[in-house]
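Visitor: The primary structure of each chain is shown beneath.
There are 4 protein chains.
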Amino acid sequence: MDYFNAPGRNHLFVPGPVNIPDQIIRAMNRNNEDYRSPAIPALTKTLLEDVKKIFKTTTGTPFLIPTTGTGAWESALTNTLSPGDRIVSFLIGQFSLLWIDQQQRLNFNVDVVESEWGQGAKLDVLETKIASDTAHTIKAICIVHNETATGVTNNLAKVRQILDSYRHPALLIVDGVSSICALDFRMDEWGVDVAITGSQKALSLPTGIGIVVAGPRAIEASKTAKSLRVFFDWKDYLKFYQLGTYWPYTPSIHLLYGLRAALDLVFEEGLENVIARHNRLGTATRLAVEAWGLKNCTQKEEWHSDTVTAVVVPSYIDSAEIVRRAWKRYNLSLGLGLNKVAGKVFRIGHLGYLNELQLLGCLAGVEMILQDVGYPVKLGSGVAAASAYFKNTIPLIPSRI
Amino acid sequence: MDYFNAPGRNHLFVPGPVNIPDQIIRAMNRNNEDYRSPAIPALTKTLLEDVKKIFKTTTGTPFLIPTTGTGAWESALTNTLSPGDRIVSFLIGQFSLLWIDQQQRLNFNVDVVESEWGQGAKLDVLETKIASDTAHTIKAICIVHNETATGVTNNLAKVRQILDSYRHPALLIVDGVSSICALDFRMDEWGVDVAITGSQKALSLPTGIGIVVAGPRAIEASKTAKSLRVFFDWKDYLKFYQLGTYWPYTPSIHLLYGLRAALDLVFEEGLENVIARHNRLGTATRLAVEAWGLKNCTQKEEWHSDTVTAVVVPSYIDSAEIVRRAWKRYNLSLGLGLNKVAGKVFRIGHLGYLNELQLLGCLAGVEMILQDVGYPVKLGSGVAAASAYFKNTIPLIPSRI
Amino acid sequence: MDYFNAPGRNHLFVPGPVNIPDQIIRAMNRNNEDYRSPAIPALTKTLLEDVKKIFKTTTGTPFLIPTTGTGAWESALTNTLSPGDRIVSFLIGQFSLLWIDQQQRLNFNVDVVESEWGQGAKLDVLETKIASDTAHTIKAICIVHNETATGVTNNLAKVRQILDSYRHPALLIVDGVSSICALDFRMDEWGVDVAITGSQKALSLPTGIGIVVAGPRAIEASKTAKSLRVFFDWKDYLKFYQLGTYWPYTPSIHLLYGLRAALDLVFEEGLENVIARHNRLGTATRLAVEAWGLKNCTQKEEWHSDTVTAVVVPSYIDSAEIVRRAWKRYNLSLGLGLNKVAGKVFRIGHLGYLNELQLLGCLAGVEMILQDVGYPVKLGSGVAAASAYFKNTIPLIPSRI
Amino acid sequence: MDYFNAPGRNHLFVPGPVNIPDQIIRAMNRNNEDYRSPAIPALTKTLLEDVKKIFKTTTGTPFLIPTTGTGAWESALTNTLSPGDRIVSFLIGQFSLLWIDQQQRLNFNVDVVESEWGQGAKLDVLETKIASDTAHTIKAICIVHNETATGVTNNLAKVRQILDSYRHPALLIVDGVSSICALDFRMDEWGVDVAITGSQKALSLPTGIGIVVAGPRAIEASKTAKSLRVFFDWKDYLKFYQLGTYWPYTPSIHLLYGLRAALDLVFEEGLENVIARHNRLGTATRLAVEAWGLKNCTQKEEWHSDTVTAVVVPSYIDSAEIVRRAWKRYNLSLGLGLNKVAGKVFRIGHLGYLNELQLLGCLAGVEMILQDVGYPVKLGSGVAAASAYFKNTIPLIPSRI
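Protein chains in written order, with full-length UniProt numbering: chain A, 1 to 401; chain B, 1 to 401; chain C, 1 to 401; chain D, 1 to 401.
None of these hints come from the bench; they were simulated from the model. You may find that some hints are simply not true.
Beta-carbon label-pair distances, calculated as ranges [said to hold, decoys possible]: (1) Leu396(A) to Asn273(C): 53 to 59 Å; (2) Thr224(A) to Ala157(B): 57 to 63 Å; (3) Asp101(C) to Tyr3(A): 28 to 34 Å; (4) Val125(C) to Asn392(B): 48 to 54 Å; (5) Leu396(A) to Thr137(D): 55 to 61 Å; (6) Arg217(D) to Asp164(C): 50 to 56 Å; (7) Thr46(A) to Val112(C): 44 to 50 Å; (8) Thr46(A) to Asn109(B): 51 to 57 Å; (9) Pro395(D) to Asp188(B): 45 to 51 Å; (10) Ala342(A) to Asn109(B): 31 to 37 Å; (11) Ala157(B) to Ala42(D): 51 to 57 Å.
With a cut-off of at most 16 Å between alpha-carbon atoms, the simulated EDC-like pairs for lysine to aspartate or glutamate come out as follows [what the hints assert, rightly or not]: (12) Lys239(A) to Glu301(B); (13) Lys328(C) to Glu272(B); (14) Lys158(B) to Asp111(B); (15) Lys328(A) to Glu269(D); (16) Lys239(B) to Asp101(A); (17) Lys340(C) to Glu189(C); (18) Lys235(D) to Asp372(C); (19) Lys239(C) to Asp372(D); (20) Lys328(A) to Asp372(A); (21) Lys53(B) to Asp164(B); (22) Lys295(B) to Asp318(B); (23) Lys235(A) to Glu127(B); (24) Lys391(B) to Asp372(C); (25) Lys53(B) to Glu272(B); (26) Lys239(D) to Asp372(C); (27) Lys328(D) to Glu290(A); (28) Lys391(A) to Asp372(D); (29) Lys235(C) to Glu268(D); (30) Lys328(B) to Glu116(C); (31) Lys391(C) to Asp372(B); (32) Lys239(D) to Glu269(D); (33) Lys391(D) to Glu269(A).
None of these values were measured; they are calculated from a predicted model. All C-beta atoms in this analysis are idealised placements derived from N, C-alpha and C, irrespective of residue type, glycine included.
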């Protein structure tokens with residue numbers, strides 16, 4: 001099944017699943033184990049403690065659910081809400097769209113606030129709704145921190161500020177799938193009630209753990225929420241947390257050891273350094289796009305994403321052809337434009353355990369492809385812009401000084 | 001996190017997660033990939049085709065859901081049934097109990113047919129219910145093929161025969177978690193409508209794929225079933241099957257390559273040879289238990305399981321102490337007795353890519369532990385019984401003749 | 001090239017190459033690195049320090065030569081001796097025979113002291129020679145600590161005592177290939193001048209590092225030894241040790257990281273515990289052989305080896321058939337009888353990171369094979385003898401108490 | 001021992017050891033095996049056959065010696081020559097220098113033909129010597145195909161032509177360490193008598209196999225060559241080839257499986273495509289150097305190497321600082337200047353399983369470093385030159401069309 005082999009390394013620049021560091025690959029290179037022996041609970045205990053650090057919470061309760069981001073969404077919703085509950089939800093791209101679809105199919109009453117794709121969540125509309133909702137009919141605000149389809153980062157601090165201004169008790173439920181552990185995210189400070197991410201994003205593991213962290217108000221809400229749930233039910237986890245065995249059903253031994261290695265890598269580099277590195281990679285990518293004379297799908301600087309950049313191509317080019325050609329000629333994996341922006345944007349994911357030269361290789365590849373498809377880019381221009389920025393901002397590698 | 005290290009290999013004899021063959025470990029030793037490139041759909045296509053072979057179905061539709069067995073159960077139920085639907089479900093041990101708990105929490109009307117633990121499903125009761133249900137109020141029969149907690153295998157052919165005798169249209173939903181790919185299982189021949197298994201059982205992968213195969217009547221039922229579902233919804237899969245991209249959300253690249261390797265191993269050995277090998281291992285284990293003068297938790301030969309043996313210990317012994325000691329002194333992982341049989345049985349899992357000498361090492365260990373905890377077993381007696389049987393039944397290894 | 005696949009794990013009981021612990025497999029699962037970066041010298045430095053501990057020397061200088069045991073032999077000889085030098089060398093089995101062949105082809109004047117295969121080195125003959133060599137024409141004593149072909153361990157303390165009694169300055173050159181890191185070996189205390197081992201033996205790595213440790217007198221001898229050598233020349237290593245870059249030519253990055261993991265495992269278990277474990281495994285194997293009514297090739301208890309047992313079969317049986325059948329029917333790898341004992345013995349290697357249940361599985365397999373080839377062994381008898389011994393001697397696993 | 005960790009992948013551009021493809025890493029991720037079972041000889045047989053293909057020989061005999069390139073040199077020399085034999089050897093850089101040092105220490109009579117570093121072997125001098133050597137006192141010509149220290153490729157066809165012109169019987173012994181399987185090499189056509197390479201070069205394995213292929217005349221010479229040798233003696237190999245067991249001592253199981261995977265990768269891509277890819281990478285690197293306004297250490301185009309480029313830095317820059325900074329700031333591993341060119345050149349290795357975007361990332365890194373150390377390079381200039389060339393020459397990836 002390796003008949004799509006190509007010489008050299010695949011340059012993986014989709015915004016997930018992302019490159020797995022060798023340290024994590026090694027940690028997962030093992031046999032299964034009995035998850036009921038003392039070893040796995042002891043390991044799990046460290047994971048639950050340390051996962052909280054990357055969410056910047058001390059009061060949250062983490063659940064490491066054997067599922068994907070889609071399942072993590074479902075867990076966040078069904079444990080805290082009851083059918084018919086009113087939710088305000090922001091539609092700003094394909095992933096918020098899919099989440100809203102899920103919310104509707106789960107029979108919530110979804111108050112959709114739509115933005116043009118490329119713009120952030122309309123927080124002024126939120127403020128209006130919150131201001132007028134004195135009866136507190138709104139039970140939850142659902143928002144993606146970083147919309148992976150358009151490369152838009154929303155301002156969560158602002159959301160919290162709006163809720164606080166009106167002393168509105170709605171739960172704040174955040175999709176941090178392509179943000180947490182890469183962008184600045186502060187669960188406790190921002191009063192996020194449920195935050196989720198997936199193992200295959202900034203944590204750089206294979207797909208398979210939907211990480212859900214529930215704050216105290218969310219845990220409280222879960223006691224009365226009437227949505228049906230079993231697999232995703234936090235109650236079963238909490239019961240086994242009490243028992244000290246942690247798992248209501250069989251976890252993936254591999255992902256547990258992998259997550260341990262992933263967290264160790266983050267702490268070794270330092271979470272703030274990880275975030276700063278993502279900022280360097282994001283900034284450099286945007287400078288390259290600018291040098292190419294192309295537009296960032298993200299319309300304002302305040303929404304710029306440091307984990308994914310959606311690049312708008314001229315109307316005479318099909319962005320899907322760029323992605324196909326990247327794979328077929330350069331062993332480069334870029335992200336497709338999805339749904340409304342299909343054919344119009346291609347995406348460069350720059351999250352995970354990446355360094356500057358990896359990104360520059362990718363940018364050099366994109367330049368050749370842009371020429372291939374007829375866009376008159378100057379070769380080396382994006383690389384020059386990005387590397388001029390890098391040159392002045394990359395620190396020495398601390399462990400190598 | 002390796003501070004539970006012990007010299008030599010861990011002898012993993014819990015009934016799941018089971019030992020992963022080196023070939024599969026190798027296949028999973030890799031970086032992530034873009035799941036939207038042509039490679040992953042091409043790989044997935046082969047998996048969907050080949051998974052059907054181990055279920056012995058040509059008409060079923062497989063779903064490789066990123067979840068555990070618990071999630072696979074939920075997928076089977078919510079896609080085919082509506083809240084309030086009447087189900088006949090057999091309680092014969094801890095896993096059927098958990099499934100019934102799920103069925104009840106999902107608001108089905110569960111008609112529980114309970115057996116003493118150690119006995120199979122009461123099919124005579126089923127016949128009575130079916131015979132009297134001329135109004136066809138029973139929408140589904142839910143049955144575990146092999147109850148992992150007690151080592152009891154149910155007779156599915158008989159279930160089908162009962163349904164057919166009365167031309168009863170109830171769906172037959174089978175938990176094959178600890179049977180499929182190890183025991184004789186015939187989805188089409190037995191008219192199973194939904195069958196599930198988990199990657200960490202006989203397929204010998206890490207946990208993470210809940211494999212659900214839906215027959216034509218189940219697919220039909222899914223079109224009208226009213227249970228809420230999103231993550232587990234077959235509809236999303238079917239839509240992407242049509243598109244040829246296969247995945248409604250991110251799969252685990254590792255488990256896909258691992259599953260490919262797992263299926264290749266099964267076909268290389270031959271599915272019938274795999275089943276015969278499990279029969280040899282199961283038979284030998286039972287002969288050892290007999291030689292030790294202990295009772296099999298499974299009360300009749302017709303229910304004997306070839307994947308797991310639950311051994312009843314004398315009342316003056318705590319079986320949990322056997323399991324603890326196995327791990328602490330012999331680096332041997334045995335299965336605990338669960339719930340009603342906690343403290344009363346320990347379990348030897350003998351499923352997966354195991355050979356005879358591995359089992360004999362385990363049996364020799366059990367003998368020492370039995371002496372340790374005060375049971376007067378003769379050392380070597382179980383090994384002698386098992387190896388006398390093996391000696392006459394092990395074939396030469398075909399690839400090595 | 002995996003068409004010799006067989007279900008389950010291979011039971012590897014040849015006396016080398018031995019089973020590689022998963023921790024070491026993981027450590028070697030990596031890309032190459034620049035061996036001239038600061039990382040590899042820093043790693044190498046720890047290896048050179050720690051290797052000395054398993055040789056029990058503080059004054060020795062280790063060389064980690066990219067070669068096999070045969071190359072390590074050549075390095076030991078050519079660096080310390082000149083063509084024509086008189087050596088006393090003991091022929092007690094196939095490996096000492098091969099070493100003597102090498103000594104002769106390298107133009108040394110070899111004074112061969114031969115024993116019947118199954119007996120140890122004739123130290124009384126050594127004493128006579130040393131006593132009479134008042135002119136000190138004997139430049140070196142070459143002796144295998146543990147003859148892998150017959151399972152005979154020589155008494156090195158006694159050799160030192162003889163040399164000391166006569167104040168004889170001959171160098172003591174020891175092949176510790178199948179002893180060091182498994183048997184009690186004391187380089188400094190026994191005044192061993194050069195000791196060698198191979199990575200694929202008790203250290204449990206792949207083949208590829210010939211470990212040579214030279215004491216101060218050997219280093220001194222190397223300055224004047226006239227044997228031609230380049231690849232094996234210690235001088236080049238010593239030059240790079242001075243420079244702090246350590247490597248005169250490219251080492252295997254994988255084996256360096258693997259050796260680090262191997263040493264960590266030894267220190268974690270404790271070297272004395274490792275040696276005690278080998279003693280338990282060796283003793284149990286001998287008890288099984290006795291229970292089977294078979295003879296140990298090693299003729300006296302004082303020579304018994306704790307790393308390999310050569311079992312003599314009755315004359316009507318071809319021991320090679322046992323080895324063939326073990327592999328073809330039981331996925332068990334046993335050692336052949338070599339040269340003079342070909343067809344007459346088979347060998348059970350019990351060195352490396354093995355535990356008791358692994359050995360018992362092997363013994364159970366041997367019992368079945370013995371019956372297969374017509375030897376009237378009682379099944380379970382060897383296992384019973386070995387496990388009776390184990391039951392009273394295995395400690396709890398310290399990390400798991 | 002991973003405390004030199006740095007974010008993202010190491011960019012490994014030293015001319016060996018080179019990047020190991022994931023397919024090979026996977027193939028080597030395994031336990032040891034009994035090398036005397038039928039499996040290893042069967043595997044070895046395929047390796048010996050297939051290795052000949054990458055040397056382009058049908059008449060050669062390959063030896064896969066557990067050693068490094070230095071050991072392979074020694075094997076080539078000691079098996080074919082006798083002490084005192086006259087050799088013509090070309091000194092053109094550090095590796096030819098080391099080989100000559102070896103030749104001298106092995107007591108051959110070495111007729112050194114020296115070139116300025118950066119120039120190829122002086123074949124006109126060879127012609128003069130050959131022409132005048134009517135007595136055939138010259139027993140062998142020793143020449144590196146590609147001098148790794150300076151990036152100089154010698155013209156082997158021309159050497160053969162000179163020997164043939166004068167019907168001179170000297171053996172032609174070629175160091176193909178950094179050429180074979182990357183540059184055009186034709187053992188039979190060019191009448192090469194012994195050719196060697198190392199596993200860690202273009203074959204992309206860890207260090208550990210010295211591959212020596214001996215033509216018929218070399219095999220003949222080995223029967224009378226008087227140099228002492230044991231470990232490196234072809235005779236022992238030939239004896240075991242006859243027996244069909246292939247190995248006179250324990251090989252590395254891992255490297256054998258790794259070599260199988262390496263050869264499979266070469267044949268899958270096609271040897272001519274591999275060579276063409278190296279030519280693309282070499283040409284692009286040279287174009288970048290030119291764009292930077294720097295000199296290639298290689299003084300004439302005819303000697304340009306497609307596997308390594310030595311870049312001359314201005315006299316006011318210490319090239320070692322470039323290498324240090326590459327590692328400390330950019331996680332980029334470049335080759336140092338060695339010996340006469342220390343401080344004056346740095347080296348970019350572009351051999352092995354590399355693709356174009358990997359090289360472009362490296363070039364972008366070099367540009368930043370050049371600025372860092374005070375050389376006024378225009379960022380993006382080398383990348384632009386290289387990618388302009390790539391854009392017109394990279395084929396679609398055949399397996400992905």
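Visitor: It remains to establish, for every hint, whether it holds in the given structure.
Guide: Quick rundown of the hints versus the structure:
1. Leu396(A) to Asn273(C): 53 to 59 Å: 43 Å, violated
2. Thr224(A) to Ala157(B): 57 to 63 Å: 46 Å, violated
3. Asp101(C) to Tyr3(A): 28 to 34 Å: Check failed, 49 Å falls outside 28 to 34 Å.
4. Val125(C) to Asn392(B): 48 to 54 Å: The hinted range 48 to 54 Å holds for Val125(C) and Asn392(B), with Cβ atoms some 52 Å apart.
5. Leu396(A) to Thr137(D): 55 to 61 Å: 57 Å, holds
6. Arg217(D) to Asp164(C): 50 to 56 Å: 54 Å, holds
7. Thr46(A) to Val112(C): 44 to 50 Å: Between Thr46(A) and Val112(C), where Cβ atoms are some 60 Å apart, the hint is violated.
8. Thr46(A) to Asn109(B): 51 to 57 Å: 43 Å, violated
9. Pro395(D) to Asp188(B): 45 to 51 Å: At 47 Å between Cβs, range holds.
10. Ala342(A) to Asn109(B): 31 to 37 Å: 45 Å, violated
11. Ala157(B) to Ala42(D): 51 to 57 Å: 44 Å, violated
12. Lys239(A) to Glu301(B): With Cα atoms ~37 Å apart, Lys239(A) and Glu301(B) exceed 16 Å; violated.
13. Lys328(C) to Glu272(B): 20 Å, violated
14. Lys158(B) to Asp111(B): With Cα atoms ~19 Å apart, Lys158(B) and Asp111(B) exceed 16 Å; violated.
15. Lys328(A) to Glu269(D): 15 Å, holds
16. Lys239(B) to Asp101(A): 15 Å, holds
17. Lys340(C) to Glu189(C): The hint is violated at about 34 Å.
18. Lys235(D) to Asp372(C): 39 Å, violated
19. Lys239(C) to Asp372(D): Answer violated: Lys239(C) to Asp372(D) is near 33 Å, above 16 Å.
20. Lys328(A) to Asp372(A): Holds. Lys328(A) to Asp372(A) sits at ~12 Å (cutoff 16 Å).
21. Lys53(B) to Asp164(B): 24 Å, violated
22. Lys295(B) to Asp318(B): 15 Å, holds
23. Lys235(A) to Glu127(B): With a Cα-Cα distance of about 37 Å, the restraint between Lys235(A) and Glu127(B) is violated, given a limit of 16 Å.
24. Lys391(B) to Asp372(C): 8 Å, holds
25. Lys53(B) to Glu272(B): Given pair Lys53(B), Glu272(B) holds - Cα atoms ~11 Å apart, limit 16 Å.
26. Lys239(D) to Asp372(C): 33 Å, violated
27. Lys328(D) to Glu290(A): 29 Å, violated
28. Lys391(A) to Asp372(D): 8 Å, holds
29. Lys235(C) to Glu268(D): 43 Å, violated
30. Lys328(B) to Glu116(C): Status violated; Cα separation ~44 Å.
31. Lys391(C) to Asp372(B): 8 Å, holds
32. Lys239(D) to Glu269(D): 35 Å, violated
33. Lys391(D) to Glu269(A): Answer violated: Lys391(D) to Glu269(A) is near 37 Å, above 16 Å.
Consistency note: the structure conflicts with the earlier hints numbered 1, 2, 3, 7, 8, 10, 11, 12, 13, 14, 17, 18, 19, 21, 23, 26, 27, 29, 30, 32 and 33.
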